[in-house]
Amino acid sequence: MVEELLIRNGVVYDPINGVNGEKKDICIRDGKVVEEVRNPKVIDAEGRVVMPGGVDIHAHIAGGKVNAGRLFRPEDGRKGREAKTKVCRAQSGYSVPNTFATGYRYAKMGYTFVMEAAMPPLAARHTHEEMVDIPILDNAAMPLIDNNWMTMDYVKSGDTDLLAAYIAWMVKATKGYGVKVVNPGGTEAWAWAKNCDLNDAVPYFDVTPAEIVKSLAVANEKFEMPHSIHVHGNMLGHPGNYKVTTSTYDLVKGITPYRDRPTMHATHTQFHSYGGTTWRDFESKAGAIADYVNKNEHVSIDLGSVILGDTTTMTADGPMEYSLYQITGRKWTNHDVELETGSGITPFLYSGKVSVHTIQWAIGQELALLIKDPWKLALTTDHPNAGPFIGYPIIISMLMSKRRRDESAADMHKVIYDRAELPSIDREYDLYEIAIITRGMTAKTLGLHEHGKGHLGVGADADVAIYDMSPEEHDAGKIQKAFLNTKYTIKGGEVVVKDGEVVAAPAGRTFFVTPECDSKLMEEMLVDLKAKFEHYYSVSFNNYPVQDAYVPNPYEIKAPWRS
Amino acid sequence: MVEITDVVCSLCGCVCDDIVVEVEDNKVTKVKGACAVGKSKLMGHGRIESPAIRENGELRDCSYDEAIKEAAEILAAARRPLLYGWSSTVCEADKVGIELAEEIGAVIDNTASVCHGPSVLAIQDVGLPSCTLGEVKNRADLVIYWGANPAAAHANHMKRYSYISKGYWTEEGKKNKKLIVVDVRKTATAKMADVFLQIEQGKDYLVFSALRALLYGYEDVVPEVVGGIPKKDLLETVKMMKEAKFGIIFFGMGVTHTRGRHNNIVNAIQTTRAAHTHTKFNIMPMRGHYNVAGINQVCTWETGYPFAVDLSRGYAWYNPGEQSATDLLIRRECDAALFIASDPGAHFPGESIRHLAKIPVIQIDPFPNPTTEFANVVIPTAISGIEAEGNVYRMDNIPIRLRKLVDTEYMADEEILERILEEVRAIKEKEGE
Numbered sequence: 002m003v004e005e006l007l008i009r010n011g012v013v014y015d016p017i018n019g020v021n022g023e024k025k026d027i028c029i030r031d032g033k034v035v036e037e038v039r040n041p042k043v044i045d046a047e048g049r050v051v052m053p054g055g056v057d058i059h060a061h062i063a064g065g066k067v068n069a070g071r072l073f074r075p076e077d078g079r080k081g082r083e084a085k086t087k088v089c090r091a092q093s094g095y096s097v098p099n100t101f102a103t104g105y106r107y108a109k110m111g112y113t114f115v116m117e118a119a120m121p122p123l124a125a126r127h128t129h130e131e132m133v134d135i136p137i138l139d140n141a142a143m144p145l146i147d148n149n150w151m152t153m154d155y156v157k158s159g160d161t162d163l164l165a166a167y168i169a170w171m172v173k174a175t176k177g178y179g180v181k182v183v184n185p186g187g188t189e190a191w192a193w194a195k196n197c198d199l200n201d202a203v204p205y206f207d208v209t210p211a212e213i214v215k216s217l218a219v220a221n222e223k224f225e226m227p228h229s230i231h232v233h234g235n236m237l238g239h240p241g242n243y244k245v246t247t248s249t250y251d252l253v254k255g256i257t258p259y260r261d262r263p264t265m266h267a268t269h270t271q272f273h274s275y276g277g278t279t280w281r282d283f284e285s286k287a288g289a290i291a292d293y294v295n296k297n298e299h300v301s302i303d304l305g306s307v308i309l310g311d312t313t314t315m316t317a318d319g320p321m322e323y324s325l326y327q328i329t330g331r332k333w334t335n336h337d338v339e340l341e342t343g344s345g346i347t348p349f350l351y352s353g354k355v356s357v358h359t360i361q362w363a364i365g366q367e368l369a370l371l372i373k374d375p376w377k378l379a380l381t382t383d384h385p386n387a388g389p390f391i392g393y394p395i396i397i398s399m400l401m402s403k404r405r406r407d408e409s410a411a412d413m414h415k416v417i418y419d420r421a422e423l424p425s426i427d428r429e430y431d432l433y434e435i436a437i438i439t440r441g442m443t444a445k446t447l448g449l450h451e452h453g454k455g456h457l458g459v460g461a462d463a464d465v466a467i468y469d470m471s472p473e474e475h476d477a478g479k480i481q482k483a484f485l486n487t488k489y490t491i492k493g494g495e496v497v498v499k500d501g502e503v504v505a506a507p508a509g510r511t512f513f514v515t516p517e518c519d520s521k522l523m524e525e526m527l528v529d530l531k532a533k534f535e536h537y538y539s540v541s542f543n544n545y546p547v548q549d550a551y552v553p554n555p556y557e558i559k560a561p562w563r564s
Numbered sequence: 018m019v020e021i022t023d024v025v026c027s028l029c030g031c032v033c034d035d036i037v038v039e040v041e042d043n044k045v046t047k048v049k050g051a052c053a054v055g056k057s058k059l060m061g062h063g064r065i066e067s068p069a070i071r072e073n074g075e076l077r078d079c080s081y082d083e084a085i086k087e088a089a090e091i092l093a094a095a096r097r098p099l100l101y102g103w104s105s106t107v108c109e110a111d112k113v114g115i116e117l118a119e120e121i122g123a124v125i126d127n128t129a130s131v132c133h134g135p136s137v138l139a140i141q142d143v144g145l146p147s148c149t150l151g152e153v154k155n156r157a158d159l160v161i162y163w164g165a166n167p168a169a170a171h172a173n174h175m176k177r178y179s180y181i182s183k184g185y186w187t188e189e190g191k192k193n194k195k196l197i198v199v200d201v202r203k204t205a206t207a208k209m210a211d212v213f214l215q216i217e218q219g220k221d222y223l224v225f226s227a228l229r230a231l232l233y234g235y236e237d238v239v240p241e242v243v244g245g246i247p248k249k250d251l252l253e254t255v256k257m258m259k260e261a262k263f264g265i266i267f268f269g270m271g272v273t274h275t276r277g278r279h280n281n282i283v284n285a286i287q288t289t290r291a292a293h294t295h296t297k298f299n300i301m302p303m304r305g306h307y308n309v310a311g312i313n314q315v316c317t318w319e320t321g322y323p324f325a326v327d328l329s330r331g332y333a334w335y336n337p338g339e340q341s342a343t344d345l346l347i348r349r350e351c352d353a354a355l356f357i358a359s360d361p362g363a364h365f366p367g368e369s370i371r372h373l374a375k376i377p378v379i380q381i382d383p384f385p386n387p388t389t390e391f392a393n394v395v396i397p398t399a400i401s402g403i404e405a406e407g408n409v410y411r412m413d414n415i416p417i418r419l420r421k422l423v424d425t426e427y428m429a430d431e432e433i434l435e436r437i438l439e440e441v442r443a444i445k446e447k448e449g450e
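Protein chains in written order, with the numbering used here: chain L, 2 to 564; chain D, 18 to 450.
Bound conformation, chain D alone (with noise of 0.2 Å):
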């Protein structure tokens, strides 16, 4: 038995870098200080077995080399063809990813497209004003999760880095801390308040404004009732800002997905922008894949722009609502599509799901998914993480090495994709002779 120790878990955007795991016979036998989620990815669970492709709608299995051939011929033939997924993976990988979508004339486009994306978008418009997670940890004394339920979905999120969590002028955790909850129902965090604002579905934006104007000093414009809220407790929430040393909001798919989307993003970080008149404020959005944040730092860099690229044209051409994974599968306008690392079959809308089932689709994945259902290449990868080394982004942008536990069979998802981009290299060569 090996005790490797500082594991870092490749689950969630809190990448916790604490975790203690026990290897016996190369296989996870025990894990300390991960949450339920993470502890169960790193004890493993079922795999894509083999590489396959489909005939007559089964999947037979094939070698890598096959698979990697076959998935190489299709996006190097397709005209408009889409390279989609990249949170759940690493940085090196992503990299390889940008590279293939320039060299194949790509849309490449990442899971914030259909999480997250919104929140880019007001960022775009307004700027985030925000932190890392130690700077919670040592100084925030008042917390504050909007649309966003950690206790569920970011268990070691409290612990480590917010509300609970201990630091220089936070020693004695959440009892000198203020924690305000905002959501439509009564979430295991929400019991966890001091004070829990249960507002209207869809009525995010109006809240937003309210407290504005009361950050502001326009007591006299907000009404006596707005989003379900009473005027007395949006004053008391307003008085808990001014009167908190540091303040931060964390806000979660509950405010990027209902009515008002990306405007309500705008209009959340315009209230952290008011509070800060007062006194240090700052926002986060609560990202959920464990490299999100990852790709679409790399996409940044290497291409402009953090999601839905369009490599066309030979350069970045970026323009959410035209050039998304859904935007150009409802219009079918997408010949072929390769999912690394995330599953559309189980979260893409109907509609783009039938126009997938029309064409090829190659799924690189460690674990079955419902888009396995429908792919025509499966090349199963080695999980990163647990299996594979490289690099990843927390929520708060902070890069972490990934470990490498055990041993395994299965090639990494950088190497798949580098001999993908080799054989579609080889194959244009071929053409242009």
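With the rest of the complex left out, here is chain L (with noise of 0.2 Å):
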């Protein structure tokens, strides 16, 4: 049978088309947008806001570390629970809410691609069994690539066509997405509790996070991959730490990216735009790199945009994590990853009344405010490290109203005004550039406007937001509102959600990629990786790469090698 939808009369926001609020119908066949249809079911969305379905470019939903968070936290558990319905399976947790509830939420927010954003290659399995169960969601993940023994031996032996075969192989044994980046070399120097700062030696192997980062993006563009490096880089969180920054977007300046795309990622930038020498004289930079981004290309960046209140952090920055719980004292999960990666864990609490907060709260809608092009940026709070994503509707209204922020600084601590730019900010996002970071930019950067996601021409997947509000709202808490919950939210042609509650529970798909390299090179990078195996892996060779059997519902996108 031949399902057709049709959304009659909505504004459309649809920035990959070019789509300004224009008064549109929206025609649906089998999951696709098509030009026509002939005998719909009609949804009439007449003067409410339309957008393709939310790309989520980084949020740590799915996996190890995410689930040790929701094991180590049963107090966030109990924060989120709603019973079993006909549709919906129990549900529980805010920071580090259960698979079932990852789903729902964001479908509720009108999302349906959310990209996790860090998985442990040797622990790939365990973030598929995950993301299988997080209903409704399209998703994929980015394996890390960067603090792997492997990987630094050829950054070292200069050989970044070999350093490009293991990357093939390692994105294609774990059905991962890309190349993620955290902390280089500073993971593999926490396995004996240290660190390491951009241009420092990574102790035992003679190579530097800077030389890491870039040989990384050399070796990924020479695949066609829908993807830049996607990176966390040294020195997260540390007070002065943007000199640090704009040194890491300096070292792939000049590489030539397979596609007209930047050719790095660069993750939760709030979090590395800080000023100062300590906590006392911590200070905002955004505006330093708000600068860089503005007189470059080659930089994507996300926002790591602060919600108040308590959360969970998460990161395979191990060294990180274990600063943070000695600030805080409270629990602290770790985990390090054989010849891989690490994590560490601990609760969080952002509070408008401590001043470095209040900061950070300020950095992550500053860097929206000044970087001018918004197809630059990504909404992201890098859920749940600087809030929950279920905080989104709250940072859409506070960059849509100048208004709602200068309340909101009034409530929080003075030092908003001597350090950071915020108040002085007057301008105010349209629908349009929200639609641009939270669907069109995400969708684009990531490729992925090229396989149906984050736009609504014809052909692309039926993923649509259908928000309960119109187009000429001010409201800031109205606005809130009407993102929290849509009033239709439609994901391959199926209604999802309606009226602000989940109505249909499909399964999600994964997307992964599959880098397509030369055999030879891909022979002579085996000899290397098998001894490896033979030698200091817990696991064997055969049984390490991820079965076919835990991605259900696969999406393959092939990248070929670039002659």
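Some clues are possibly wrong.
[Claimed, not checked] Coverage of chain L stretches by chain D, computed from C-beta distances (three or more under 8 Å per stretch; other residues unrestricted):
1) 67-73
2) 186-197
3) 394-404
In case anyone wonders, no lab produced these hints; they're calculated from the structure.
Note that CB positions come from ideal geometry on N, CA and C, so glycine has one too.
Join these two chains into a complex; the hints should help.
Shown next as structure tokens:
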């Protein structure tokens, strides 16, 4: 049976196709956007805001450290309890929701794709097992490939072809999406309770983080990879780190990307935009970062904007989590992963009464408001690090309302008027810009726009969010409410949310990239890799790659070698 | 004869994945690389032969269909059902189990409840600084086993991952490593140790406290003897901890189930954190069943909590000490129980077994055990890792896929549970009409 749907008279914001608030019908057949329909079910969107399904470029929603966060925070689990319904499984959690709640809540906000931001390769099966249990959302995950011994060996020998072969094998073996970098070199150093700055030598490996980043960018661009390298740089969360940040951006300047996109996506930039020398003279350097991004085309960023309140921080940046735990004295979990990566987890409370948190809160929004071109930035909270994803509507309302920002600032630590720029910024986002930073830019930066995501052109996936608000709405509270619970969310042509309730929960698909590498190069690389398994891994080579059974709804993107 | 390499052992939390097995006429005939216990499991032994239902005190053989229908009827009629076990089967089955628990509003609990449950409570208090086993293999120059006897219980642990293994910075194996064993008796593992601290029964908490004090530099508050250990031995131990480049504490039931219980583990973790102020130090529980870590993982991402989860409210409610399997049974609250891949008949306190004798009990297991003696419905299954594949989590939470080695007529756990769930839904739908 042909399933047809017509969304009538909505006010459409579809930035990838340049549609800015036009009254327009959307025709859907068999899960895709089409030119016209004959006998459709009709959804009346008269006067309401219509956007493509949201695409989150960076969130921690599945895998070992997310689950370690759930496990050691039953107090968080209690916050989000909802009983099962005919459609929905039982829900729990706020900053670390269970997998089911993750899918439902994103869908209610109009999101239909989420990128899991950090997959430890050795535990990739775990990430996939959880992603299968996240309903509705299409998803993908980025394997960590920067602290890996194989990577550092090839960085040292300077052989970026073999490094590319290793990337190809790793992305394929983990059914991953691209190259993730987290505190390059620093996480390996953390295995000895140490850390690395950008130009420090990694203990025993005789390479620097800067060399790792540059080599990975070069190797990544040897393929037609949909996404650039995705970088969480060194010295995250340290006062004065903004110089490390711009130096990291500089590393990939001049490397030619395979297509029209940056060569580096720098993630949760709020955490990397700090001035000062200690927590005492800590200040915002969002202006300096924005200035860099405004003047250059080779870097895209996402915000990592702070949501005030309690959350669970988690990252492969083990030493950073240890520092945070030393500040708070709260519980701390750490999990170093052999030959590859690590992770740390600790709860954290962002308070508007604390000067440092207030400045952090300001920085995320300053970045969004000071970077002129919204196509260069994405809305994230680095869920759950700067706050849970469920807080996105709060940030949207802040960016759209100077008044709301001023009212919020008035309740916060007065340091915001001295060491942050936010109160002096008048800019307000419009809905077109919001659509860019929540779907257009993110889909394009991930290369997903070529695979039906993030837009509503003919042939696109019929992923649509209809928000219960008029395009003229200026009340920040109403904007926030509308973006929290859609009037309708449609995923692949199926209505999954209606009037803020989940009405269907189909399984999502997992997108993964298969980089194609010359077989001779691959053979040469495999000699080195097999030796690592033979001597150092605790899992055998043949049991390592993620089996097909873990990705029951696959969507493969091939990334040919560039000749 | 077919040789199968990289076979994954489905016995203990070590989940050795480098075993070589020979198969002839659909039978495992030879096993290389497994420990004696693992080998015995892979070679196969006595099975529950047929599904059966108890009538007039005797088990009567029946078909799978009949047993599944009977099980579904019991569960659908129950007001306070308990679903327990889950540690010696694969995650795919665990997931169906949780869905079934949601459907019937059951309490779902797993063997961690009577094993490393105290460790989970401690982790919820202070967290867990840990690592994968390969980290230990490549880096550790100081290995501490505390209340654990791997020489008997995890026979390949030292060889593959810790004291005897060779890795990048440990290429000479045990030659450049130190082994400390803390136990109440001189175990086989203790006999290998550089330092053996024979502590008095139930004094673990005190000894951890003393080590912590010394690691933080408060030598003056530590008495001359703590828990049977002379202060000079404690000082020597702390010196070894500080001087190590990478230390690891592996702890077992000897710490979780002596006086102090989860408080012991909190203190063990705090000791690790104290050592971490000097050098790299990690700590890891010695998980018993091959997938007890896995049911904790699955249960956590699906319900939010790792064990003792009460779904009677429609959402997950977690309060171990009130809703664990033994709590429920001792209060005689539970009116039907399903046991899978576990043996409460042998491991639960007598009081709870007495209640089990009065309520309908369903057993799903490849092997007969004391629980079979009182089960009302017995459903045999394929052995995961021999006759069925699926995902499991090693003691360091690394996921590994069990392989299928031979064909079988037995149904897999996952399929049995799916069919029970289907039947339960059919019954409920009918009642709804």
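Tested hints:
1. Only when three residues or more bring their CB closer than 8 Å to a CB of chain D does the claim for the region 67-73 of chain L stand; here the count is 6, and the claim holds.
2. Only residues whose C-beta sits within less than 8 Å of a C-beta in chain D count toward coverage, and the region 186-197 of chain L has 3 of them, enough to reach three; the restraint holds.
3. Under the rule that three or more residues need a Cβ within less than 8 Å of chain D, the assignment of the region 394-404 of chain L is violated, with 0 such residues.
Of the numbered hints stated above, the single one contradicted by the structure is hint 3.
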